[in-house]
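Sequences are here, hints too, so could you generate the full structure?
Number of protein chains: 2
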Amino acid sequence: MSKDIKSPANTTEVQQDLDIGNNIYAKSYKGQHLPTAPGRHYCVVTCMDSRIDVFPAFGMHLGDAHVIRNAGGSARDALRSIVISQQYLNTKEVILIKHTRCGLEMFTDPEADAMLEERRGKQALETVRQAGSGHWHAFGNQKVDEATREDVDFLKSSGCLVDGTEVSGWVFDVEKGRVKRVA
Amino acid sequence: MSKDIKSPANTTEVQQDLDIGNNIYAKSYKGQHLPTAPGRHYCVVTCMDSRIDVFPAFGMHLGDAHVIRNAGGSARDALRSIVISQQYLNTKEVILIKHTRCGLEMFTDPEADAMLEERRGKQALETVRQAGSGHWHAFGNQKVDEATREDVDFLKSSGCLVDGTEVSGWVFDVEKGRVKRVA
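Those sequence lines, one after another, are chains A and B.
If you count the first sequence from 1, position 97 lands on 97 in my numbering, and the numbers rise without skipping.
If you count the second sequence from 1, position 42 lands on 42 in my numbering, and the numbers rise without skipping.
No incorrect hints appear here.
For chains that are exact copies, the list does not tell them apart, and a pair is met inside one copy or across any two.
Derived DSSO-like pairs: lysine-lysine, alpha-carbon spacing no greater than 27 Å straight-line: (1) K143 - K30; (2) K180 - K30; (3) K176 - K30; (4) K30 - K92; (5) K156 - K92.
To be clear, the hints were calculated from the coordinates, so they are not data collected in a lab.
Laid out in structure tokens, this is it:
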């Protein structure tokens, strides 16, 4: 860790473990000759959920694919990144994977608006809206299979993907570690 | 793979490898008893880059942390997810990690606007804008260390994080596999 930024005294445990774990990882790192564009020309969009270790869980290897992750694995939230992935880095397929027991099933957009305004104030809510689309992309009123299909439909009909892009939708079962295809 | 969705004949190689790799992974999956809220109460924000295998590279274990990934590891793009992570799933620390040789250094926002309009039309550009903030968060005019510090400053001054949130900024060197702290 760069000693000029923080002394160990005000470094958190998480930061220390990142530095220690990464130091070990770097000794056998194999990515040094990989290009910026993904070798297998696809991108994965999935949730930020802590139970999803994307590379082994989805049969991927270093350099294969872009990995876009956000709360709920929202395709709309991911659209900017997908377009950059396709137009600047030549990917041609999108794999969208939501999962069971997702936090985004626990609330709706109006509830999240009210929650944030109450806890952090009107200005915080406005800042989040301006930083994104103004939507939380919660699916408290939907089942995850349905939310996945809707996101796949959104991408296919968006007009933003390159012609012939393959888009498929999957659900990862956090109790079994298994994916099933739903779209 | 659910046989009712697609016959093997029109399944892509990427989809087949996902299914095969995941089937093997599921046999030794250890996440079945983990809760939705991350055990170590932090979230990582990083780039979608294919050379970043987050769990081993950043010393993480299944269930530890949320992982938010987008083109460039943009904090603004990640803000919706960070707020959900904190307010609904109790995380209290943000680790922001950009990386060297990032695709987002290759262009600027006006260049991306012009590129998409030319290739996919005005409506596609409008759809991407509406799905997000209207920004590409490219840093073609900035060095990655500087872009990382700016994003950390944005988060700290956003007013959107819970009080006392620890935010640090790091850069992953894709040629060495090593992180260094820059903020």
